[in-house]
Amino acid sequence: MLLLFAGWGSAAFQEQPALPFSWQHFTLKNGLEVVLSDDRTLPLVSVVLAYQAGPLQEQPGKTGLALLLENMMFMGSLNVGPMQHISYISRIGGELNATTTEDIVYFFQTVPSNHLALVLWLESDRMKALEIDAAKVERAKQSQLDEIARRKATEPYLDSELAFDRVLYPDFAHGHGILGREEDVRRLDVEDVRSFYAAHYVPNNAALIIVGNIDVARTRELVEKYFETIAPGRKPPLFLPPRPLEKKEIIQSFADGRVPSPAFHLGFRIAPPFSRDHYALVILDYLLFKGKSARLSRKLVRKEGLALYLSGGVEKRKDVAVLKLFAMNNNETMVELCQKSIISEFNKLRAGDVSPGDLARAKSLFKRDFLNRLATPAERAMLLAEMTFSPVGLDGLASELYRHMRITPFEIRTVVERYLGPESSVILNVKRK
Amino acid sequence: MRKKRWLWIWALLIAGPALGQQDRFRKSPPVPDPLPALVLPEIERTELINGLTVAVVSRPGQPFISLDLVIRAGESQSPETLPGLASFTAEMLSRGTALVSAAEFEERIDGIGGEFRTTVTPDFSRLSLRFLDDSLDRAIETLSQMVLQPDFSEREIVALKRTLFYDLKQKQKDPEFVGRRQLLRVLFKSHPYGRSFFNEEVFKNLTRKDVQAFYELYYRPNNALLALSGNVDLATAVRRVGRYLSPWARKEIEWPSAPSPRVNSEDRVCFVNFPEAQEATLVIGNVVFPFPESDYFPLAALIQVLGGTPFSRLFMNLREAKEYAYSAFSKLELFQNCACYTITAAVVPSAAGASIREIRREIDRLTREKVGNFELEQAKSYLIGNFPIRISPLDQLNRYVSELLAFSWGESRWNRFGDNVILVDSEQLLGAAQKHLLPKPVVVIVGDMSLLFDSLQDIDRLEVYDLKGNLLYTMSKGVEE
Numbered sequence: 212m213l214l215l216f217a218g219w220g221s222a223a224f225q226e227q228p229a230l231p232f233s234w235q236h237f238t239l240k241n242g243l244e245v246v247l248s249d250d251r252t253l254p255l256v257s258v259v260l261a262y263q264a265g266p267l268q269e270q271p272g273k274t275g276l277a278l279l280l281e282n283m284m285f286m287g288s289l290n291v292g293p294m295q296h297i298s299y300i301s302r303i304g305g306e307l308n309a310t311t312t313e314d315i316v317y318f319f320q321t322v323p324s325n326h327l328a329l330v331l332w333l334e335s336d337r338m339k340a341l342e343i344d345a346a347k348v349e350r351a352k353q354s355q356l357d358e359i360a361r362r363k364a365t366e367p368y369l370d371s372e373l374a375f376d377r378v379l380y381p382d383f384a385h386g387h388g389i390l391g392r393e394e395d396v397r398r399l400d401v402e403d404v405r406s407f408y409a410a411h412y413v414p415n416n417a418a419l420i421i422v423g424n425i426d427v428a429r430t431r432e433l434v435e436k437y438f439e440t441i442a443p444g445r446k447p448p449l450f451l452p453p454r455p456l457e458k459k460e461i462i463q464s465f466a467d468g469r470v471p472s473p474a475f476h477l478g479f480r481i482a483p484p485f486s487r488d489h490y491a492l493v494i495l496d497y498l499l500f501k502g503k504s505a506r507l508s509r510k511l512v513r514k515e516g517l518a519l520y521l522s523g524g525v526e527k528r529k530d531v532a533v534l535k536l537f538a539m540n541n542n543e544t545m546v547e548l549c550q551k552s553i554i555s556e557f558n559k560l561r562a563g564d565v566s567p568g569d570l571a572r573a574k575s576l577f578k579r580d581f582l583n584r585l586a587t588p589a590e591r592a593m594l595l596a597e598m599t600f601s602p603v604g605l606d607g608l609a610s611e612l613y614r615h616m617r618i619t620p621f622e623i624r625t626v627v628e629r630y631l632g633p634e635s636s637v638i639l640n641v642k643r644k
Numbered sequence: 003m004r005k006k007r008w009l010w011i012w013a014l015l016i017a018g019p020a021l022g023q024q025d026r027f028r029k030s031p032p033v034p035d036p037l038p039a040l041v042l043p044e045i046e047r048t049e050l051i052n053g054l055t056v057a058v059v060s061r062p063g064q065p066f067i068s069l070d071l072v073i074r075a076g077e078s079q080s081p082e083t084l085p086g087l088a089s090f091t092a093e094m095l096s097r098g099t100a101l102v103s104a105a106e107f108e109e110r111i112d113g114i115g116g117e118f119r120t121t122v123t124p125d126f127s128r129l130s131l132r133f134l135d136d137s138l139d140r141a142i143e144t145l146s147q148m149v150l151q152p153d154f155s156e157r158e159i160v161a162l163k164r165t166l167f168y169d170l171k172q173k174q175k176d177p178e179f180v181g182r183r184q185l186l187r188v189l190f191k192s193h194p195y196g197r198s199f200f201n202e203e204v205f206k207n208l209t210r211k212d213v214q215a216f217y218e219l220y221y222r223p224n225n226a227l228l229a230l231s232g233n234v235d236l237a238t239a240v241r242r243v244g245r246y247l248s249p250w251a252r253k254e255i256e257w258p259s260a261p262s263p264r265v266n267s268e269d270r271v272c273f274v275n276f277p278e279a280q281e282a283t284l285v286i287g288n289v290v291f292p293f294p295e296s297d298y299f300p301l302a303a304l305i306q307v308l309g310g311t312p313f314s315r316l317f318m319n320l321r322e323a324k325e326y327a328y329s330a331f332s333k334l335e336l337f338q339n340c341a342c343y344t345i346t347a348a349v350v351p352s353a354a355g356a357s358i359r360e361i362r363r364e365i366d367r368l369t370r371e372k373v374g375n376f377e378l379e380q381a382k383s384y385l386i387g388n389f390p391i392r393i394s395p396l397d398q399l400n401r402y403v404s405e406l407l408a409f410s411w412g413e414s415r416w417n418r419f420g421d422n423v424i425l426v427d428s429e430q431l432l433g434a435a436q437k438h439l440l441p442k443p444v445v446v447i448v449g450d451m452s453l454l455f456d457s458l459q460d461i462d463r464l465e466v467y468d469l470k471g472n473l474l475y476t477m478s479k480g481v482e483e
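Taken in sequence, the protein lines are chains A and B.
Just so we're aligned: 480 in the numbering used here is position 269 of the first sequence, and the numbers increase by one with no gaps anywhere.
Just so we're aligned: 28 in the numbering used here is position 26 of the second sequence, and the numbers increase by one with no gaps anywhere.
The shape of chain B in the complex, shown without the other chains (with noise of 0.2 Å):
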């Protein structure tokens, strides 16, 4: 009891200030420090014999090192015909070779504490593995069987061909996910990078010969970048990758010349019915093409504006003022020969309508009205502060190097990417605004068709769609035409 009367009396004692009055420092945030520099380490690259270009960015105190195999050629170089081969082909490499088994490669791999996925993009492929840092030697041979000597199997192609359909099923459930794809399907309609867009049924038709005619053509290490990250050098990367990977013989690849992508002009509104979401799902974008690196930061800076934050415009006028929406966000994403700028909000079925309109009204505000100093500045910390937090994971970090390689971005984004940032005023966002904002955005709502058809009466020409992104047919100001 003693013990605790005296507790008491000394917790008073240091809080009596706080009774009374409070510090004065508690009354305002403080003042940052100075910004510390970010002083990036340098890629280090060379190119073996057989044409594969091999990056390293030593970071010595990491104890994983991440490898990034990136093909260039994505879904747009699967053939009109056959969308979804790029992504079958890359998810092949991991299903066996001739000597080694599928299961193998996943006891191999669980071995040397890895992780193992593919990505692919309308541009390229990838195969990501991170590993413990002393399993350098096992990686690079892993890899280099599932890369140099795939079985393409027919007992694996039908179990990917379930494995896949099913995975593209689940995906399906998100309004999100089928909101952007009915978008970026609209978008590239008529280009290469449309066939990323592909539904569950696409794997169907793909054939073993398919398989193997696509990881011939493109899978060369002349048309290959090999980036990898963490406690590991270039001399040692080299030595490695070229015990393993010399063999792999490079080959010419013709490229047709690619079409140039169509920035949308039109009012369009797409709608995909999905029964029984409670919320809308708008996504809205547009193509932004021609987009020389000089526009980046500017255009960057603008998304930011736009819908970076929860405290950026989108968010506070469709939330914050008018409770249309549970939340609402821009971003941009990098293509190899132009970009594409999405805004993506969840919004009150009721209120679908109307929070279109906001969006419109948000956008078109860009390109008339310069950005006050207070919200650039904002959006330019916001890009400074985040970017070293975005690398700060290895993976991460190795995705970017490998993506700033395989765009030939250049230091620009790497250790000056602070200083491109600051130099960022209002009259650029302006002209990026003017230049890439002012084209009608395609608009595609998610959502169920019964609890929005009041707040879609307003519309012109709405066109419904399916799943498979097929035209189911189009209404008119609540009127099926």
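One chain only, chain A, in its complex shape (with noise of 0.2 Å):
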């Protein structure tokens, strides 16, 4: 088990090697989707479960009614006190928590690895019975109208970004924020959130993963024992496809008097996660964003002074990709200068300057985040249950390094011409009241 990671961190890769560990991955009679995988390194033990039900399912009206739901899978289900889960795992030592991302929710704990039943024990019963009542709900819509108002005032450009979304993703589903509208939140029933718990945190819209230290015989039949006699729920609702965006450039303003200081939005939707082309824009963004020497924070923080802050890079919400870029600038003349160097370096990229040493230094970095992903039960677990959920599946996971790895500069160029130009951004300019 130890060697299981040998030739993933040397450098050739030319040829797809085999994945560097092993799994069982099996469906119970009631639709949940269970991975299995080995790891003795130490004696702990990584569970995720996670549910198919982000703010892409939200309906209009209902925004944030997936994040409230996160916060109260904490607040006790039949067996399970209220806070009790997160009392059970913090006396064993273990560690837990909670994410929501556009389209699931992950709940994660890592624990010494003879404790895993009690995991189970804790997931199990919160999938089958949690106790919604109106006095939870209203404790969790506090809370979660808490974080907005912490996060309006510790965020001064989060409407901004909110705005720029709503553009970027034309539709409902894609274009809405995870912490949801605050006149929504006040509105959420007891009845929504039943309804939302019913119809999305149900064993067949949901995968169960685990990694460590267990006896995968074992390991079995406790899933079986704790999970297989929870009910079935509907068939989860499909997702529209996203509407397309128009192909035209797309200027904006926002002004906000909060914002210390002029800003932009740009954006470009770009090629579909898993698409051929989508491999060639991840390799671009850590070109462009990622590291001490990228391309774009060097030249335009550091080399040329036009801007104060940037960050960017590839967006997923589920089956649609953009490429984003966020940058804080002096004043509206460094904010245009900014733009203008920004498409110059595009252009530099379209007639195929990327050098074989930046290349590979993008390359790099992107299996540095790639492999630590994979690095800890933990990380392993989570990439585990996203990957479940992907249109590749699980199968896909082995070709995914070798996949960016043998990206090549023409490709580079090519996306660049295919996805950067004029017609198919959107920018939002940020401009002080």
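Please note that the accuracy of each hint is not assured.
[Claimed, not checked] Now the stretches of chain A that chain B is said to cover, found in silico as 3 or more residues with beta-carbon under 8 Å:
#1 314-324
#2 610-619
[As the list claims (entries may be wrong)] No farther apart than 30 Å at their CA atoms in a straight line, the calculated lysine-lysine pairs in the DSSO-like style are these:
#3 A:503 x B:173
#4 A:644 x B:171
#5 B:191 x B:173
#6 A:514 x B:211
#7 A:644 x B:175
#8 B:171 x A:363
#9 B:206 x A:347
#10 A:514 x B:191
#11 A:642 x B:29
#12 A:459 x A:559
#13 A:514 x B:29
#14 A:363 x B:173
#15 B:29 x A:240
#16 A:510 x B:171
#17 A:510 x B:163
#18 B:253 x A:503
#19 B:175 x A:510
#20 B:442 x A:642
#21 A:503 x B:175
#22 B:211 x A:503
#23 A:527 x A:458
#24 A:642 x B:175
#25 A:503 x B:163
#26 B:211 x B:191
#27 A:436 x B:442
#28 B:206 x A:510
In short, the hints are calculated from the structure, not lab data.
Yeah, the Cβ is synthetic: ideal placement off N, Cα and C, and Gly gets one too.
Put the two chains together into one complex, using the hints given.
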């Protein structure tokens, strides 16, 4: 088992290597996808239970519901009192948390491996019988409203970012944020929460991943014991395909009295995740934004001093991807110059200005981040959960690194030409009121 | 439609028992399996001819190697008049040589899938580099250039002064950072450790000559330790390290005798104004000295009982019972010659005074009453269970190994960690509490004076400090003296 990663860190990567670890994947009668992966490095085990229950599944007027339910999952179920889930895990030295992405909610915990059954007991109880009442819903709503207020107070560009997303993702499902709109959250009631839970927190909409110091046969028995008697739900509703963005340049302004300096958001709708071009776009993201030597950050912030701050990268919202950039500038002139400088950088890339050294660096950084996601049981369980729900499935994981590492300068040039033209761009200039 | 009906009939069949009565096993948590043995790999080490200690924890399954170069000189070695010099020197190492620019170093590190950072504590300066396992040679070469040929160019010194100034300004927006820094400033006021808790102005007066002198004095192989963890073995590591770091010349260092840290025994309450803070942040603690190795495990368990998790005494009292606090935790910070326990709580401003009283009461209770078995076992269970989780990520494992060697902790905190925790009993806890928690701790309050004024009126003597650590004035029962 210790030799599992041998070869994955090695340089060449000319050929697709076998995956450096194994897993067993099966589906329970009620539709729950289960993945078990043995790793005996340390006596611990990581468990991830993931539900396809993110904001993409919310309806207009009900935004914030996915995050609200994530928090309510810690407020008690039939046999586990409020906050007892946290208590049980903390008392044995375990670590736990939850996170909501646009399409998936992940609940994860790492515990000493002799307590695996405890985690399965806790997770199955809240999947089977979460206790939802009006008082708990009100508490969760208040906590979420406090969080919205806190984020608005500490992130002066939050409103502009949400406005930008609505333009970049013109359909409701993809275009609204995880936190939810304040007025929607205020109006959520106990029935909204119950029906979202009943529709999405069901075994046939979930994946259970267990990675660590486990005996696979015994773990399978435990999984069946705790989860197989949970009734499946209705088939979760299908996603509507996102509305394609019109092929024309969009430039808008957003005035906000709270922003400390002018800024702008720039975005491009790009090839969807797991498509051929997407892999080249991810490497382009690393070339432009990641690492200390990233081209755009170095040029705009450190060399030319046109931006005070710059961030960006590829963002995935299930079946849709965008390349986003956010820059803060000293004044309006700098905003203009900064945008021109970005266009000139894209033109250079279009003309083939990607040296082998630049490309190799971008790939090394991608490889680092990819392998990072396999390096501990907790990280690996999260990645396996994500892949379970991806269109390429778990079997696609083996080729993911290889597909990124074989990208050529020509492919970089091609995707810049194809996706980063002005006709695919959305710009939101943020001005001080 | 037909398909749907079948689905529901099947669902009812398998869920049938649950509708009437639930399975018995769901009613209570399962009994855990026996505790699995923690078998950690051996820490192999050797010393090069120039005195550099090289230690390796081999993890053949990992795609990364983590490296920590620890220089046994930290902020307490900065001259009294030049606090911040150790931190500044460590940061300057990656800012270029005569032949390699700072930008080229960044490219090299990105090129090996690397992440580089420096950390300076009162005792040590640490350069950490994690990289893809096929890049050992390039990683050690890059590190050797940083450590053996730093240029300390005036241009980079000016740039770094600006960066560190703004970094520290940014950190000072966090009331917890401000509170901890003020607490440690007070506790180590007359000790060299006190130099570690500087303000953003200290970099202004540093010169190239100062940096060069600090570097020449302390950056010596016989004063350093190189720890590596990951897909590497000792023989390979020694070969590569020897190739690049054997020209590093040893030089004996004369260490002045360090004064002993002083345990606070007076009632001291300090205040730092933090306008517009909605919460009051309390940071309370004291020095633990002398701190023999035998006290480590009882004290660790004691601090766990006090405030290690959301189910420890402080959290349950201040947040759950009294509803004064948003959070309340305690921890043990370890230094070369002593330790410090600190309690940090974010509380409602109107309850600041009452919260301080409750925290003192909880500390006092530990010195008078034995901790019950259930509570003690929970604390021990946490420490045993959390240890492997804490060292699961490779960089955290390597940092722990380098600290273990630098502090000379020994096997008791490696493979025998769990065994030592199991041996702790309530008598030892009471003994540790009476020895280390009886002296009065220093209290630091960070918050908005206008919101806190009423709840601070009862305090006999309140020392009011600015962010730089200067005493502005004192107040007695709410009246400025």
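Against the structure, the hints come out as follows:
no.: 1; hint: 314-324; result: holds (count 4)
no.: 2; hint: 610-619; result: violated (count 0)
no.: 3; hint: A:503 x B:173; result: holds (21 Å)
no.: 4; hint: A:644 x B:171; result: holds (27 Å)
no.: 5; hint: B:191 x B:173; result: holds (21 Å)
no.: 6; hint: A:514 x B:211; result: holds (28 Å)
no.: 7; hint: A:644 x B:175; result: holds (25 Å)
no.: 8; hint: B:171 x A:363; result: holds (22 Å)
no.: 9; hint: B:206 x A:347; result: violated (54 Å)
no.: 10; hint: A:514 x B:191; result: violated (42 Å)
no.: 11; hint: A:642 x B:29; result: violated (58 Å)
no.: 12; hint: A:459 x A:559; result: holds (22 Å)
no.: 13; hint: A:514 x B:29; result: violated (64 Å)
no.: 14; hint: A:363 x B:173; result: holds (20 Å)
no.: 15; hint: B:29 x A:240; result: holds (23 Å)
no.: 16; hint: A:510 x B:171; result: holds (25 Å)
no.: 17; hint: A:510 x B:163; result: holds (21 Å)
no.: 18; hint: B:253 x A:503; result: violated (34 Å)
no.: 19; hint: B:175 x A:510; result: holds (29 Å)
no.: 20; hint: B:442 x A:642; result: violated (53 Å)
no.: 21; hint: A:503 x B:175; result: holds (25 Å)
no.: 22; hint: B:211 x A:503; result: holds (28 Å)
no.: 23; hint: A:527 x A:458; result: holds (20 Å)
no.: 24; hint: A:642 x B:175; result: holds (25 Å)
no.: 25; hint: A:503 x B:163; result: holds (19 Å)
no.: 26; hint: B:211 x B:191; result: holds (27 Å)
no.: 27; hint: A:436 x B:442; result: violated (53 Å)
no.: 28; hint: B:206 x A:510; result: holds (27 Å)
Figure legend: structure checked against the earlier numbered hints; hints not met, in rising order: 2, 9, 10, 11, 13, 18, 20, 27.
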